[in-house]
Structures are given as C-alpha cells and as structure tokens.
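Chemist: Listed below are the residues making up each chain.
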Amino acid sequence: MQIYGQTIASRLMLGTARYPSPDILKRAIEASGAEIVTVSLRREAAGERAGRKFWDIVRETGVKVLPNTAGCHSVREAVTTAQMAREVFGTNWIKLEVIGDADTLQPDLFGLVEATRILSDDGFAVLAYTTEDLVAADRLVEAGCRVLMPWGSPIGSARGLNNVYGLRAMRARYPDLTLIVDAGLGVPSHAAQALELGYDGVLLSSAVALAGDPVAMASAFKLAVAAGRLAFEADPLLPRDMAEPSTPVLGQATLGGAALQ
Amino acid sequence: MQVTVIGAGVAGLTTALTLAERGAAVTLLERSASLGDNAASWLAGGMLAPFCEAETADPAIIAPGLAAIDWWNARVPNVQRGGTLVVAAGRDAGELKRFARRTTGGEALEADAIGALEADLADRFRHGLYYPAEAHLDPRAALQALADRLAAHGGVLTFGAATEPENAAGDVVVDCRGIAAGAPALRSVRGEMLVLLCPEVRLHRPVRLLHPRIPVYVVPREGGRVMVGATMVESDAAGPVTLRAAVELMNAAYALHPAFAEAEVVEMRAGRRPAFPDNLPRVARNGRIVSVNGLYRHGFLLAPDCAARAADLALGTAKVSEIAA
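Chains as they are written, first to last, in UniProt numbering: chain R, 1 to 261; chain A, 1 to 325.
Some hints could be false.
[To be verified] Have a look at the derived ranges for each label pair, beta carbon to beta carbon:
# : chain 1 : residue 1 : chain 2 : residue 2 : range
1 : A       : GLN144    : R       : PHE110    : 54 to 60 Å
2 : R       : TYR165    : A       : GLY94     : 25 to 31 Å
3 : R       : TYR165    : A       : ALA63     : 51 to 57 Å
What the hints contain is simulated information worked out from the structure, not anything from laboratory work.
Just so you know, these numbers come straight off a predicted model, no measurement behind them.
The beta carbon of each residue, even a glycine, is placed where N, CA and C say it ideally should be.
If we strip away everything but chain A, and leave its shape as in the complex, we get (with noise of 0.2 Å):
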C-alpha cells in the first residue's frame, strides 16, 4: 500500500516509521527544508513523564506513556530511563504535597536521597518526589533517528514539499502538520524554552521545580546542556521569546541552582502546540485521508500509541466503531 504523510514533526515521523515497518512504502512530506525547522517537536524537553504530566492531565495517558518509552528505546539512541526528580523550594513545600496527591507513581524523597540522585542537588532541597519508571530523550536526536530508520525501511522523506492532503498522492494520506492542518476546534498553546550551557551543573534526570505560578523543568542533555521549559500561554502567537518568559524560565533555573547564572544561553526560541479543548490527542480518518494531531504538550509521549492507531486506520486493521468514531 502507497501512504503519503504530511508533516515531518514528531507525529509525523512515528506515523510514517509505524508504517513502514508494517510495509507500508512511505512517503514523507515535510514543508521546512530541514528537519525540524516550524517543527514544535524540535522545542520539546523530550520528558516521557506520564505520571508526573497526570498531574494535571487526564490519567488516560499514563498506560500509552509508558509502552512509548519501550517504544522509543527500541529505536533511537540514549533513552535515559533515570526518573524524574520533583522538587520545591522551602516556602512551597505545599506544592509538592499537592503535586504528591495528584499523581502516582512517585515516591517522596528527603535531602539525603535527593542528593544520592543528584549530587548537584545536595543540600538545597530537603523534600523531593522520584518518579524511577520515567524517562528523557533528546529530541533532535530521536527525531533524526527516526528519519534514518525510516530511510532504511525505504520509505522517503522529502523537504520543502507543501501539500494539502487532497492533493497528496497514494491510497491513503496521514495528515500530520499539527496547526498548520487548522483543523475545527484545534488551538495553538504557545511555549517558550531556553537551552543552557552550563557544564558546573550536571544533571542525570530532568528535575521539575514546582513553584505556584511558574512551574518549570530542566531537562540534562549531551555536553553540559539543559533545556529549561516551557511556558504555557493561550495563543497563536510564534514570534520571538518574550522577555517575561526568559525571566522566569531563567530566574525558575536559578532557583534550582545558583551555578545557572553562569550559564551560557546558547538558544532560546519559541514554538505553538497544537491542541484539541480536552487537550488530548485526535486520530481519524475520513475517507482517504487519516488526521492525527493535537498532541499538545506531550509529542514524545503519545506519539507512539497515535502512529500506532493511525496505522491501524490507514491500513484496515482498525475495528469499524474505531474508525466511526
């Protein structure tokens, strides 16, 4: 079977990869002419948190969550299966009891534990929460791996192709260009991120720093980098970082360790998620053409289990009252 999808983010790449390993021949249509470039997927922490992300979102998506970390183990490079560290300062140990409540999956850690996870840590943190079945990825990297393997199950990736889905060519088409696709109902949440150079602090894990107003994350990555996101802000807006979202991502960096105020500020960028009103991804298919889109705030996380149904969409296997719904 001939499948064209559109849209070379992160939904996208695990759709078309899904695809071809059952043995689909692949086209990949990517309107950038690089990988990545309007991609929100290129901004992300790379978190695969289901439990922590519970938090606040609906517990639905802690069983996909979880088969995603074996799923991107099994195909790209250095998935760190570390945990996640949770911690608040002092004055807002409050947070974390209630963080504490509102998930599972985690267990509550004093000073002397926090510090044996992260030495950095040691001694500025007396309560903490470790979630141990969560994981990190880097981004680029998986998304760059996933282009390889797709090369290498045959399927194509081709920049600078814009195309509507009506026009696409092959039996089916999957569209996957997350706002660009201005599907009904779908809205932007704009996020903003910053990535540190900072080699005095190292972190083996992303920790989450729970603040009541300004809850943010540092995600570790390859050679003394960090990743300190994200805002979240209701609208449609892509241009630059704001000064208020720099100054409280790195003020929330600062708070978790002094040594960031030596940090290099080597990228700072922002970038819109697609979502649906329930914030919860969307796969469909009407007639010839499969959507999967509004994976919001958790691309690495769910795109696994939507490629996975979009496939079954695409290729026939999915029930009837899937397909209807």
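If we strip away everything but chain R, and leave its shape as in the complex, we get (with noise of 0.2 Å):
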C-alpha cells in the first residue's frame, strides 16, 4: 500500500501499548510482518524523551514508527504533541487522534478537520483516525489529508465492522486513496473482511497486545490480512438471494430413475 509516497509491502499495521513486556511486543511485531508500527508520545512518555529506552526496544525490529496523538482531546494539544513527535521520532507522519468522547473514544470530527488543517500546512504528513462519515473525509481531503483510517468500531472495542456499509461506501467515492481500518477489530476474520471491502490496510492495538497470546494472534492477523486481500484481487462473489447451482440443472440425468438401473 501507498502512504504518502512510500510503498509498504505489509499491509498491518501494529500498536505497541499494552503488550505483557517489551520482549513480547518485539516478537509479536516480527510475527505479524508489520513494517509500520505506532507509538503514543503522550502515554507511554510523561514527558518528552522520558519513553526513550521503550522506544530504542521497538526501534530495534527495524521497523518504521509512526507516532500518535492518542490521548489528546483538543485540537492544540494533538498539535503540540504531533510537533513534538517530529522532533523525537525525525519524522513528518503523524497519526492524528482528536479523541471527542470519554467513553466511547470517537473522533472529533470538527477538531480533526482543523487539526488536519494545521498539520498538513506546517509539512506532516497526516494518518486521520476519521469514521466512516463521508463529509467528515471529503473535508480531512481538502485539508491535505491522503490517508484515512476510519474506525471499525469504537478503540478497543472488539466488535469489528460496526458499518460495513458505510465503509463499503467510502471506499467506493475514495477509489484511489488509501484507506486504513483503524479501531475496533477483535479478532483476526474482522481484519479479513476489511480487506475484502478493499480496505488497503488495518491498524491493530489491543486485539493483538490483550490476546492470551499476542505472539500466536499477531500470527492469526497477518494470515487474515493476507487471505482478505486475496480474495479482495480475486474479485469475490456478490452475495444473491437466490441459489445459483454450480451445475445446470436442465438436461440433467434423473436420479433414483431408470437410469441408474
């Protein structure tokens, strides 16, 4: 997939928060084949290099980080925090959270178009954690946005695609930008379907750090992408009412007739 220029071969992208120990994170990052993995400046830090051997652990798989703003409830503190991600972490990708509610984690859409605004004029290149609303995308767009990453349902929720619908109708107005699964996936069939609809990747967090065994689900996601995309190239079936045998049914022999005698 493209973002902002880059191709990423692996199509799964990884939190790191929340894993049983950085050990396991490393190995859970490796079985899943993710090369892009987000870190969250504000709550893993308390303060600006404070996180920084945490950091030095994930930097060693070699992969590319991509810093949040998870946590941030306005739009001058998500922008404050991406201005000090760049400065920590030596890039311009930001993966922008304007966190709307308490209790249900969904974006604010307002704060996030603005926020977008901001960011997109001063040079980074901006990852907007958006739902599924259309106007909300074509103004995140308009704001210099080039990828989105609609939620699936609410962070940490598990439940899935909560609309496939409305994702299945973003994708078809955003054909050819990239366009990411971010929240709420629980288990690995979740992430597959997003792929089938086409989505060009997903963002996973607590699905893989809470499992029993991140390791082994990191496993489970990374074979789910790859199936769900392949179906998705492969041009799947409609669904229909009706059933359409595999095999004409005029002309066929009679069973239990004369013929079997």
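Put the two chains together into one complex; each comes in its own frame, and the hints tell you how they fit.
Modeler: Put into structure tokens, the structure is as follows:
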C-alpha cells in the first residue's frame, strides 16, 4: 500500500501499548510482519524523551515508527503532540487522533479537520483517525490528508466492522486514496473482512496486545490480512437472494430413476 | 566471608539479610539519607499476589511468589494472608471473565460472598474473583523490619554511602541499585500512587478493580489508610505525579466506593521500576560482582527468591551452570 509516496508491503500496522512485556511486543511485531508500528508520545512517556528506552526496543525491530496523538482531546493538544513527535522520532508522519468523547473514544471530527489543516500546512503527512462519515472525509481530504483511517468500531471494543455499508461507501467514494481501518478489530476475521472490502490495510492494537498469546494472535492477523487482500484481488462473488446451482439443472440425469439401474 | 551489598531497597535488604542469615559478614550501603528515599519499593503496593500478577506476567513467578509469602511471614510483622479480591463494574464484566480465564488459583464470587469478605463492598459488585492463597504486607514496615533483623544478625547498614560496585570492599559485592545500576537493556517503568486516609471504608485485603483502560488496586494499610496504585508508564521520568495519573487513580478509588470522595489524600508520589525487556528479574555473577535487578512490579513478590539466588552465587553454593547463565 502507498503511504505518502512510500510503498509499504505489509498491510498490517501494529500498536505498541499494553503488551505483557517489551520482549513479547518485539516478537509480536516480528510475527505480524508489520513494517509500521504506532507509538504514543503522550501515553507512554510523561515527558518528551523519557520513553527513549522503550522506543529503542521498538526501533530495534527495524520497523518504521508512526507516532500518534492518542489521548489528545483538543486541537491544540494534538498539534503540540504532533510537533513534539516530529522532533523525537524524526518523522513528519503523524497518526492524528482528536478524541471527542471519553466513553466511546470517537473522534471529534470538527477538531480533526482543523488539526489536519494546521499540520498539513506545517508539512506533516497526516493519517487521520476518523469515522466512516463521508462529509468529514471530504473535509479531511480538502485539508490535505491523503490517508484516511476510519474506525471499524470504538477503540478497544473488539466489535469488528460496525458499519459495513458506511465503510463500503467510503471505499467507493475514494477509490484511489489509501484507506486503513483503524480501530475496534477483535479477531482476525474482522481484519480479513476489511481487506475483502478493498481497504488497503488495518491497524491493530489491543486485539493483539491483550490476547492471551499476543505472538500467536499477531501471526493469525497476518494470515487473515493476506487472505482478505488475496480475496479482494480475486474479485469475490456478490451475495444474491437465490441459489445459483453450480451445475446446470436443465437436462440433468434424473437420480433414482431407470437411468441408475 | 565479607560481602558488601549496594542499595537498600527491597532487593538489597532481602539479599543482605539472606547473606547474613547464612553467616556472611554483611555491609549494606545506601546512597540515600534514610530508609526508603528513592527506593521504588517504598512506594510499592506490598501485594504478594502471584496468581493475579500472572495474568500478564510469566507464570514462572507463581512458585517463587508463593514461597515469598512464607518468607515474609517468618520475618516481618503483619503479613496478612487474606487473599485478593478482584471486582469490576457491571459494564466491564467481560474483564472479569478474561481475568479469570488467564489466571489460576482463583474462585468466582457472587455479590453475597463479596459482601461476606468485604462488608463495605456489599451490594456494590455483582461478580468478583477471589484468590485465597494471596497475601499482602505494609512495604515500609517490612523494609524497616528487615533492616532491624539485619542489624540483629550483625549486619551493618550505612546511609549516605554512594559507591560503584568496582570500588566497594569485600570478597563479593552484590549490586542491588535498581535503576541507578544503569545495566544494559534495563529500563524504567514509571508508577504513580496515592495514599488515602479514609476510615469510613474498611477493607481487609487488596482489592483490584478491573477496567479495560485503567486497572488499579487498593491495598489496606494501618490506621484507616489505603494505598491506591499504580500507573504503568514506559518512561524514565522521575518527576511528580501527573494530573492525568492522579485523576485516573482517584476515579478508580471512587468507583470502588463513593465514600473515597471524602478521603484525605495524604501522599501522592511517583517512582521508577527497574525492568528488563521480559519484565523478569535477573540475578547474575560477573567476577567479584553479583547483580540483582529488574524486579519490575514484583519487588516484594520476587525479592526473596532473587536474594536466595544471589546468596548462592555470592557464597559459591550455586551450580556452575547457574553462574554461567
């Protein structure tokens, strides 16, 4: 998939928080085949450079780090965090989250558009955590965003794709934009479904980190993402209302009749 | 044999006492001016909860963790063997199921049984889990008791003595400095905690409140106090408690019991846990120096086992393979 001009072979991105240990995180990253992992400057650091050791462990895996603004509830917070992240991680990529509701952690779309405009003008490559709302998507694209990351369902809820219709519509509206399902995936079949819909990739966090065996779950998601993409490229059948026999009915030999004697 | 132990946190004190109990002449050097300054273990919860901790930690901690309960009980006052209670708000019931599935040593409880264990929590939670074999202690009283026992065994504890292991006297030096040892791959996991004074809520055992984002525990202490802990932040920042952490911990206490709203916040502090990438402790010998580090959030739980291994290495009773490892 394409992310701001770079070709990324793996369609799976991984969060780095809440693993049982950094060792298990490292092994999960390897098992998932992810080339991009997200790190949260706010949540994990309590200061600009204080999480350095943890980030070094992440970097040792050789993956590209995508800083995020997780936990930011206002435009100003998100913009400041993005600017800090650019310095700390030496990248202009930012996964932009502006949280609008503490219970559902759903994005504040108004703040998101505003922050996207500010950061795009400042030279950032914004990957926006959004909903499947098409008008918000239009505004984000106008503001300079080239990678949209709609939610599947609320962050950490493990409910999968809540609004398949909406996600399908978004894919149809932006056939050429990179679209990544960001939040709410729980099991590999959710990821496969997103890829089958034609989404370019998925971002996972707690589905892997909080699994009983995160390393095994990372492998399972890797397989599901590959399967989903392959299925999409293979042009799957569309559902229909009636049975469609795989062999013609007309002229078929009658079973149980004289022909079998 | 003359042994110098550096660092009088839980690792250093347990190691020094273990060595002294085995007949070594022990000097324990601590850079701080008094017991507990700068020690992560001073801010610990003091839970001896191997089953609950194994929800996220390596199950290898269970056996040494259970043995630690007896070790502490034999040496320090008021080791409470009342088990651990785990509860969750109704909307987080899924967290209880997950916790139960990922742990051993627990039993499911309904509202009545929860009330029988903790009267003040009666009717507040419909479902819970109980880990009867777990225990807790007061970390500060326990560290002081170890220091007293060390003195009784002829050990010497010197404050205000900062030393690099290479420069320390003795046949063997045991480095128990934690973060300050700066070992390769060692990192700091910041933790923030509160102590509340709230005589209205009486608890008899540590209570863990599960929450998908902010799991916390409340540990009863003497005199109507409880310790509420603890955040886990991948950071080596040692600064004061952040507002976010304070709000999360206070909210959790309030969710456990609304009467905590009237509690006095008597202490609010942040510390740094030393941890290796697998979050398990390491005990190793290199020449004259034995090092004990990386106790992470399991200081009181795993220090007795680490101390025994360190003493084996220091006194030459360990198998050669263990030394090579």
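Chemist: If a hint holds in the structure, say so; if it does not, say that too.
Modeler: So, going through the hints one by one against the coordinates:
In this structure the supplied range 54 to 60 Å holds for A:GLN144 paired with R:PHE110, their Cβ-Cβ distance being about 56 Å. Taking 25 to 31 Å as the suggested C-beta distance range, the pair R:TYR165 and A:GLY94 conforms, at roughly 27 Å. For the hinted restraint 51 to 57 Å between R:TYR165 and A:ALA63, the CB-CB distance of approximately 53 Å keeps it satisfied.
When held up to the earlier numbered hints, the structure conflicts with none and fits them all.
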